Amino acid sequence: MIVSNTLHTAAIATLETAINKALQLDPSTLIKLNTLQNHVFSLHCTAPEIDLYFIPGENEVRLCGMFDDEADTRLTGSAREFAKLATATDPASALINGELELHGDSQALINLQKILKQLDIDWESSLASIFGDVIGHQMGRTIRRATRFGLQAFKGLKRQIDDYVIEESNMLPPRWQVDRFYNDVDQLAMRTERLQAQLQKLRQSAKGNLTVNLPER
Amino acid sequence: MTKPQTDSKSTHFGYKTVDKENKEGMVAGVFHSVAAKYDLMNDLMSAGVHRIWKRFTIELSAVRPGHHVLDIAGGTGDLAAKFSKIVGPEGRVVLADINESMLRVGRDKMTDLGIIGNVEYALANAECLPFPDNTFDCITISFGLRNVTNKDAALKSMNRVLKPGGRLLVLEFSKPGNALLSKAYDTYSFKLLPKIGKLITNDEDSYRYLAESIRMHPDQETLKEMMEDAGFARCEYHNMTGGIVAVHKGIKP
Numbered sequence: 005m006i007v008s009n010t011l012h013t014a015a016i017a018t019l020e021t022a023i024n025k026a027l028q029l030d031p032s033t034l035i036k037l038n039t040l041q042n043h044v045f046s047l048h049c050t051a052p053e054i055d056l057y058f059i060p061g062e063n064e065v066r067l068c069g070m071f072d073d074e075a076d077t078r079l080t081g082s083a084r085e086f087a088k089l090a091t092a093t094d095p096a097s098a099l100i101n102g103e104l105e106l107h108g109d110s111q112a113l114i115n116l117q118k119i120l121k122q123l124d125i126d127w128e129s130s131l132a133s134i135f136g137d138v139i140g141h142q143m144g145r146t147i148r149r150a151t152r153f154g155l156q157a158f159k160g161l162k163r164q165i166d167d168y169v170i171e172e173s174n175m176l177p178p179r180w181q182v183d184r185f186y187n188d189v190d191q192l193a194m195r196t197e198r199l200q201a202q203l204q205k206l207r208q209s210a211k212g213n214l215t216v217n218l219p220e221r
Numbered sequence: 026m027t028k029p030q031t032d033s034k035s036t037h038f039g040y041k042t043v044d045k046e047n048k049e050g051m052v053a054g055v056f057h058s059v060a061a062k063y064d065l066m067n068d069l070m071s072a073g074v075h076r077i078w079k080r081f082t083i084e085l086s087a088v089r090p091g092h093h094v095l096d097i098a099g100g101t102g103d104l105a106a107k108f109s110k111i112v113g114p115e116g117r118v119v120l121a122d123i124n125e126s127m128l129r130v131g132r133d134k135m136t137d138l139g140i141i142g143n144v145e146y147a148l149a150n151a152e153c154l155p156f157p158d159n160t161f162d163c164i165t166i167s168f169g170l171r172n173v174t175n176k177d178a179a180l181k182s183m184n185r186v187l188k189p190g191g192r193l194l195v196l197e198f199s200k201p202g203n204a205l206l207s208k209a210y211d212t213y214s215f216k217l218l219p220k221i222g223k224l225i226t227n228d229e230d231s232y233r234y235l236a237e238s239i240r241m242h243p244d245q246e247t248l249k250e251m252m253e254d255a256g257f258a259r260c261e262y263h264n265m266t267g268g269i270v271a272v273h274k275g276i277k278p
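In the order they appear, the protein sequences are chains L and S. Sequential numbering of the first sequence, starting at 5, is according to my numbering. Sequential numbering of the second sequence, starting at 26, is according to my numbering.
The set of hints was computed from the structure by calculation and includes no laboratory data. Being a predicted model, the structure only gives us computed values, none of them experimental. Beta carbons: idealized from backbone N, C-alpha and C, even for Gly. It is possible that part of the hints are untrue.
Unchecked claim - The list that follows gives simulated cross-link-like pairs (lysine-lysine, DSS-like), each with its CA atoms no further than 27 Å apart:
(1) L:Lys-25 <-> S:Lys-208
(2) S:Lys-110 <-> L:Lys-36
(3) S:Lys-208 <-> S:Lys-223
Stated by the list, open to error - Simulated restraints on C-beta separations:
(4) S:Pro-278 <-> L:Ala-15: 34 to 40 Å
(5) S:Asp-211 <-> L:Asp-126: 20 to 26 Å
(6) S:Gly-73 <-> L:Ser-130: 24 to 30 Å
(7) S:Glu-253 <-> L:Asp-73: 21 to 27 Å
Work out the full structure, taking the sequences as your base and the hints as a guide.
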């Protein structure tokens with residue numbers, strides 16, 4: 005790969021800048037993150053294959069694609085499992101019941117999830133610093149109203165589309181069926197791997213027998 | 026590319042062969058000339074990608090709070106500034122450079138950015154580092170090794186001042202693996218680069234030296250062997266941007 009290391013590092017640098025910019029707009033989250041200062045979180049996503057290290061520092065976070073040392077908390081799993089944990093209301097039970105593999109300090113991870121979930125970006129302060137207090141406040145209020153309306157409208161629209169697509173037109177299967185299908189596929193993949201391993205083992209033992217028997221012929 | 030063949034009294038300065046004792050002064054001349062616009066030129070020449078290469082080096086360093094880091098040929102302090110944040114008040118970063126102009130630009134830049142307290146500056150030659158044995162947890166040298174007259178002596182000196190288990194990271198231009206990329210890179214560095222140099226710093230020769238010195242620098246495998254010869258263990262390298270740049274890592278046993 006010609007630019008894989010370079011591109012990967014560039015993408016992570018961009019993401020780190022975006023996260024730090026967002027954190028600057030929510031000082032309370034930044035203060036809470038200070039309690040986890042210098043704790044190394046390793047997130048190893050198996051599908052798609054991505055390694056990410058998250059290290060809260062003083063008033064900023066560091067994201068790395070590589071950290072050539074032991075992480076304090078190491079989490080392994082698919083992107084779907086990570087998304088489940090990130091949005092869970094009870095991260096402890098999501099960790100226990102989920103399929104993520106956890107090594108190291110779990111309490112720090114639960115704290116991190118809770119802190120990030122409470123992220124509340126103060127757009128108004130950054131707008132006020134550009135346009136002044138009066139215009140900034142008006143713009144902030146407009147954005148908050150628009151966001152609230154947008155979220156409600158989006159939720160309503162999503163519910164209606166879900167109902168139409170799944171229940172009325174039967175174009176897509178319901179969620180429980182999809183989950184069951186994915187589980188079946190996972191099971192099948194595991195069984196196939198086991199079968200392949202068995203075949204390999206049998207092939208090796210057959211080869212061994214052949215080699216042992218050869219001189220007798 | 027193999028290890029450059031020169032007799033014991035001469036060495037290379039770009040494509041020229043010069044006396045060993047003169048190279049240091051000639052390299053100093055190049056960097057005195059470019060120091061003031063070094064950062065701007067780096068950004069222009071690499072389209073900002075040198076920051077990504079340096080970032081990758083920092084990721085490989087695994088430096089933690091409290092560590093002692095030496096950044097050799099640290100120039101204008103790009104790596105030292107990042108390390109200073111990571112090591113925190115309990116740690117220490119030493120920005121070393123053989124060139125007074127570069128060190129002064131670096132020190133002024135760092136001070137202006139408010140990066141003070143845990144950073145020290147040393148006007149030092151990489152071949153005979155003025156530090157006690159087993160001092161640093163990590164040493165980095167980015168785009169500096171190719172300008173050092175005696176690379177073997179420099180690597181041994183770095184090994185001496187590293188703590189056992191400490192790591193050396195060498196970020197340096199290297200040999201692209203792809204023939205097409207190599208051709209495009211040659212055209213860029215010999216035709217376009219000196220012109221950019223002339224436009225920005227009014228110094229075409231310094232940037233011609235830069236391109237030539239890159240070609241004379243040992244390739245990935247040769248540098249790895251040189252690090253092993255200097256006493257480093259678990260040596261490995263990571264190519265970046267198709268091998269235009271490589272980061273070599275070695276651990277002091």
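Status of each hint after checking the structure:
A hinted pair counts as satisfied when its Cα atoms are at most 27 Å apart, and L:Lys-25 with S:Lys-208 does not qualify at roughly 40 Å. Distance restraint check for S:Lys-110 and L:Lys-36: the Cα-Cα separation of roughly 19 Å lies within the 27 Å cut-off, and the hinted pair is therefore satisfied. Of the supplied pair hints, the one linking S:Lys-208 and S:Lys-223 holds, its CA atoms being roughly 23 Å apart against a limit of 27 Å. At roughly 35 Å, the beta-carbon separation of S:Pro-278 and L:Ala-15 lies within the given 34 to 40 Å, and the hint holds.
About 52 Å separates the C-beta atoms of S:Asp-211 and L:Asp-126, a value inconsistent with the hinted range of 20 to 26 Å. Checked against the given bound of 24 to 30 Å, the beta carbons of S:Gly-73 and L:Ser-130, roughly 25 Å apart, stay inside it. The hinted window of 21 to 27 Å between S:Glu-253 and L:Asp-73 holds, with their beta carbons roughly 22 Å apart.
Violated hints, listed in ascending order, are 1, 5; each of the other numbered hints is respected by the structure.
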